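A.B. asks: Following the hints, complete the assembly by docking chain B onto the known chain X.
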Amino acid sequence: MTSGRPDLTGRQPQAIHSAFAVLEEVARAGPGVSAREISASLGMPRATVYRLLNLLVEDEYLVRLPDLSGFALGAKVGRLVGAHRQDAERETGAILADLRSRVRGGVHLASLKGHRVVVLNVDPDFPLSDPDRLASEPGCSALGRLILAEGESRPGHQPIPYAVQVDQLVPGFGCLAAAVRDADGTLVAGLALALPAGRLRDPSALWAMVAGDVARLAAVLGRVSG
Amino acid sequence: MRELSRAVAAPPRVLGVSAISPMAGLERRAIGMVDVLAQSVGATAPTAAATTAPALIAGQTGGSVLGCLVLAWVLAGLVNFTLGQFTRRMRAPGSLYTFTTRGLGTWAGFASAAAQLAGYAFLCMYCLVVAAVAVLPLVPGGSSGGRVATCLGVAVLGLACFLVLRRGIRLSARITLIVELVAVAGLLVAMSAVLAQAGWSGLAAPLASAWPAPHTLVAGIALGTTAFVGFESAAALGREARRPFRTIPRAMRWTVIGVGVAYVFSAYTQQIGAKAFDVPLGGNELVVPQLAGHTGIPGVAYVLEAALATSFLACAIASFTALSRVVFTLGREGLLPRAVGSADPLRGTPSGALVAVVPGVVGLPIVMMALGSSPASLMLPLISVSAVGFLGSYLLAAVAAPVFLHRIGELSRRTLVIPTLTALVLAAIVLTYIIVVARDDRTAFVIVLLVAAAATAAGFVAHRLRPHAISEMGLFDETTLGDLLGAADPVAGVR
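Residue numbers (our numbering), protein chains in the order written: chain X, 1 to 226; chain B, 1 to 495.
One chain only, chain X, in its complex shape (with noise of 0.2 Å):
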């Protein structure tokens, strides 16, 4: 027994390492895939894939599909990753109401993800003016814009930080984008803020005072899209 302990301690991490790979190869194979398929493509022994795939059924991360020889993510994946996001949702929510706190305009939060825009937190007390030409005409929104820009912008190059529209939706009004990047700098959100026209002749200036926000926002967005 003496020399059976520390053998298992050492064995643990790797053992968990298995299991998420055996959960991540479910997710990618999708629905249905069997035992020996995962072993084969993960290039597990098999006794050790059967192993981990009970014990995963067991604690019903994985669940058996009514033939018995299929795996399937059970929901308790589900709560384990929603739980994560809910934590998430709560620190981007804490931040945009410091923001509404000290920029007296519409603050929002917007997905980019896949150069779509995606609302993902309206400023309560300055709803938005028009969201279907949000998604239709992207010229013509700062949010847009910034998605556009990232198109044309060549490798290399310095990453735009934000982009900016004066007139386009509602006359004297006006709005700057500051992008959110995850860690290898890709767009993942843009935080809008809607202004008067007068308000945005200084972009750069505005830019400087929400990029420590712009940053928090990145680290928590950047932890649940990973």
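Be aware that one or more of the hints could be misleading.
What the simulated footprint calls covered on chain B by chain X, stretch by stretch (three residues with Cβ under 8 Å from a Cβ of chain X suffice, anywhere in the stretch; the number is not a length) [said to hold, decoys possible]:
#1 2-9
#2 14-24
Negatives, chain B to chain X, calculated, CB over 10 Å [claimed, not checked]:
#3 62
#4 338
#5 427
#6 449
#7 452
#8 472
If you are wondering where the hints come from, they were derived from the structure by calculation, not from laboratory data. No experiment lies behind these values; they were computed from the predicted model shown. We put the beta carbon where it would ideally sit given N, CA and C, even for glycine.
C.D. replies: Coordinates of chain B only, in the frame set by chain X:
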């Protein structure tokens, strides 16, 4: 983690999974580890078996009780490993019947159903008769041995079990557990008293007894194995247990380990006590009360009798529980009338199955007593038939295990070798046990033949007249949409 996050963000659509389980209606995820353990321990009735098994084995082998019990313990461990292959993969209220059907098909499934129904039903009858006989002297004006009084006792206890079981699995499991704990404590007190009185001399004697001839040894192991039957009954709670793929194998494993310790301790103590007080052990049904009497401690014999009676009652409840789940499954499949597959909508109990099984189980011993059998002459045949049923259903499941694993593509060397070995040993044990029963107990042998004939006939009739029900055989509590990733979000679930 990229693929995992992607799957969480957009759960994939899963084909072939329905919204409702074929076992819907039974309560789901209602009971925890302790209650599942209570089911297995209760059906095994360790107090009763620890009291009677050593005398039975000694009567058969003329000594080496410990050796036979330890080998039977190892065999129970092998059976547990084999059944674990199923209980970690399938939540099946039909338990061994469903496992066998999934591995070997419908004919073997039929044989398993008959074996399992006989196992649980006759165990139940045995428990009710013994409990009635034990309880009667404690009732004012009652005396044990009277046929009419025993019939009444069986009926009243059967009704009591029915009422408890109908209230729901939580209550019945709790009652089983408390009753069995009291019984085990009573036995331990009595046994400790015997050991304390016997003195230190001769403590090593039971370990030194000689091994019997091979065929006698097999007969001894067969009797020893019957002491462990019932441990598998937690499998019937597949739907009702929380985290069933963990709790059920665990409950079965700990039952085998725990009752094994109790049996070895009890056999050891009885052998020492028998020698110290010069009480015959082999075939002596009253060895424990007699030993307790020799301790000279007032009340020990009474505690023991109360413990035994309660242990049998717990065993009756646990056997009814498992029996009703098997019958419920047969009803859902359409092999039995659909009405027995109905569940109580409020309590989640298999009410139709309970209504079907309780009168039969209570009625048969009453009919046999009405035909002239004395309660005492009834006990051995009932328990022998039950043991043949259990051993037969284990054998079929052990043969089915590697086939099943091969079918789902998860057969490994270990899961081929151990179940095959288990099946070979069980085949020898079943055969020997049937020979012992045929030689010693005509009534039991006739009942076994009748059950086998009835099952075969039912098999032919069902295959001919109910092809749809045959195609439904092997239903279990399968994964439903609610178990899948994305179930919490109805929109995601549709994708």
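A.B. asks: Now tell me if each hint is right for this structure.
C.D. replies: Checked hints:
With 7 residues having a Cβ less than 8 Å from any Cβ of chain X, the stretch 2-9 of chain B passes the three-residue criterion, so the hint holds. Counting residues of the stretch 14-24 of chain B whose CB lies closer than 8 Å to any CB of chain X gives 5, which reaches the minimum of 3, so the coverage claim holds. No Cβ of chain X comes within 10 Å of the Cβ of residue 62 of chain B; the nearest lies about 39 Å off, and the non-interface call holds. Once the 10 Å rule is applied to beta carbons, residue 338 of chain B is consistent with being away from chain X; the minimum gap is 21 Å.
Listed as outside the interface, residue 427 of chain B is consistent with that label: its C-beta sits roughly 26 Å from the nearest C-beta of chain X, beyond the 10 Å cut-off. At roughly 36 Å, the least C-beta separation between residue 449 of chain B and chain X is larger than 10 Å, which holds for a residue marked as non-interface. Every beta carbon of chain X lies more than 10 Å from that of residue 452 of chain B, the smallest distance being close to 30 Å; the non-interface claim holds. Distance check for residue 472 of chain B against chain X: the nearest CB is about 13 Å away, which clears 10 Å, and the non-interface claim stands.
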